[in-house]
Amino acid sequence: MDSNVWLVAAAWMALALAASLISIRVGVSVALIEILIGIVAGNFLGLHSAPWIDFLATFGAGLLTFLAGAEIEPDALKRHLKPALVIGFVSFLAPLLLAFAFAYWVAGWDLRASEIAGIALSTTSVAVVYATMVETGLNRTELGKLILAACFVTDFGTVLALGVLFANFNAWMVLFVGVTAVVLWYLPRLTRYVIARVGHRVSEPEVKFVFLVLFLLGGLARVAQSEAVLPAYLVGLVIAGVFVRDRILMDRMRAIAFSMLTPFYFIKAGLYVSLPAVATGALLIVALGLVKMGAKVAGVLPLTRLFRFDRREGMYATLLMATGLTFGTISALFGLTNHIITQAQYTILVTTVIGSAVVPTLIAQRFFEPGIPGRSDAAPGPHQVTAAVATSAD
Amino acid sequence: MFHRILVGLDGSDGSRRAFDRALELAQLTGAAVHVLSVEEHLPAFAGTVGEVEDAQRFANQYFRGIHEEASALASRHGRALTHEIVPGHAAQTIARRAREGDFDLIILGHAGHSPLHNLFLGSTADRVVEHASCAVLVVR
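Just so you know, the sequences run in chain order A and B. Everything in the first sequence is counted per the numbering used here, starting at 1 for the first residue and increasing by one. Everything in the second sequence is counted per the numbering used here, starting at 395 for the first residue and increasing by one.
In case anyone wonders, no lab produced these hints; they're calculated from the structure. Among the hints, a few may not be true.
Chain A stretches covered by chain B per the calculated footprint, using a threshold of three residues with CB under 8 Å from any CB of chain B [unchecked claim]:
#1 66-76
#2 103-117
#3 286-296
#4 356-362
As the structure is a computational prediction, the values presented were derived from the model and not from experiment. C-beta: ideal position from N, C-alpha, C; glycine also.
Kindly produce the complete structure, drawing on both the sequences and the hints.
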């Protein structure tokens, strides 16, 4: 069957469809379900990757990273710049250093594998944080916007570390940095121009334009031994303002990503998780999970006090910032693909990352959910409306 | 008697029956009726922000349609109606909203799950009865 691309594609798409249906039924993220289905398929069905799947998965990871950058609210980041920068940076640095130290000195991983461990566990899942805050209405408050802005800073640190730590600093790097800087400088204006002149046609020139930029900068990043997600995130960040005003473009990019690309990425991310390695590495998985949460608490919680969060809000924000999913798996898969970590180490990191999507969220929701202002009957939220009143009977 | 009635409306037959009873009660007592729909299945542990936004948009469209029908029905009965859509866990959200809004009656539809489902999972109505701080009417 391996030589029949159509049947291989059918098998992968069947898994992706199953993940979508399960996700809708149980109300859990399709990304998480795709990873879990990948784990089952890899361990019990003998599913494996192919070069064309690797490309789709890599493109999916790049597009996910781009969308993550583009989903920022630039105005919210500007309003909360100082606390977001400080909290976000510490939220990145503390787990990076502690997880690295733990992997290197306690678990006995080599230097580069420990660096991957540090990077994979430094992340915060903006999506997990956002979903949690939507359920409480906190995403509409200034506190919520500050937490989200800080999460973007944390993820920027992660992406930067991934793009820099393993790169070659030579002429290719200079070329990559130079071209990226010029492209990023002109990109918002250029994107607006493309949309204004030829946007929203059936041939989708604006989507192709964004893909062209992602491929070009991703290619240059590879030449410099850096990682394509770094320019993808930066491209997303600089044109976030364009995307905020053009929901149609955002929706089209998401449709392309979620239907055809990200399923291949997330299923592939699950494929390399070895269940026997989960069993043998269970203690290390728990320990790394505690290290990540401990580092976030030690680093972020005092800062929330400094920026005058109350006790409950501070712990809630800290726990949400201890979550992780997409960038954690991207970092681990980068390590595995580039032979920096073994499959057993990959398994441990991805399982820890999945745990970090679930455990801190549940603790935050169960014990530290702040009271939400503006949800009383007298203060309608955005979805609350008063119906027209008919004063006379029919 | 009752002054403020909160009705849980998710579009199911049971919840529509509950809404009908709420209108009847409101006509008898002059109580204000507030319709609450809970977006219960937003993706937990999301992989992307877009995933959450899309799920929320889909749920909003669905509930807005139901609320328009409810408003039209209320208008035909000459009743005032307020309504809102809130994300969260259904039972917790209904009980909390009733407390926050000083409602004195919650009306819910019976979901009609199997006895086995109710034995192991319980129903939203069971949980609201357990957690509510006011009277609860479950309509079969």
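So, going through the hints one by one against the coordinates:
Check result for the segment 66-76 of chain A against chain B: holds, 3 residues qualifying (beta carbon to beta carbon below 8 Å, three or more required). With 0 residues bearing a CB less than 8 Å from a CB of chain B, the segment 103-117 of chain A misses the requirement of three and the coverage assertion fails. With a cut-off of 8 Å between beta carbons, the segment 286-296 of chain A has 0 residues touching chain B; three or more are needed, and the interface restraint is violated. By the rule of at least three residues with a Cβ nearer than 8 Å to a Cβ of chain B, the coverage given for the segment 356-362 of chain A holds, with 3 such residues.
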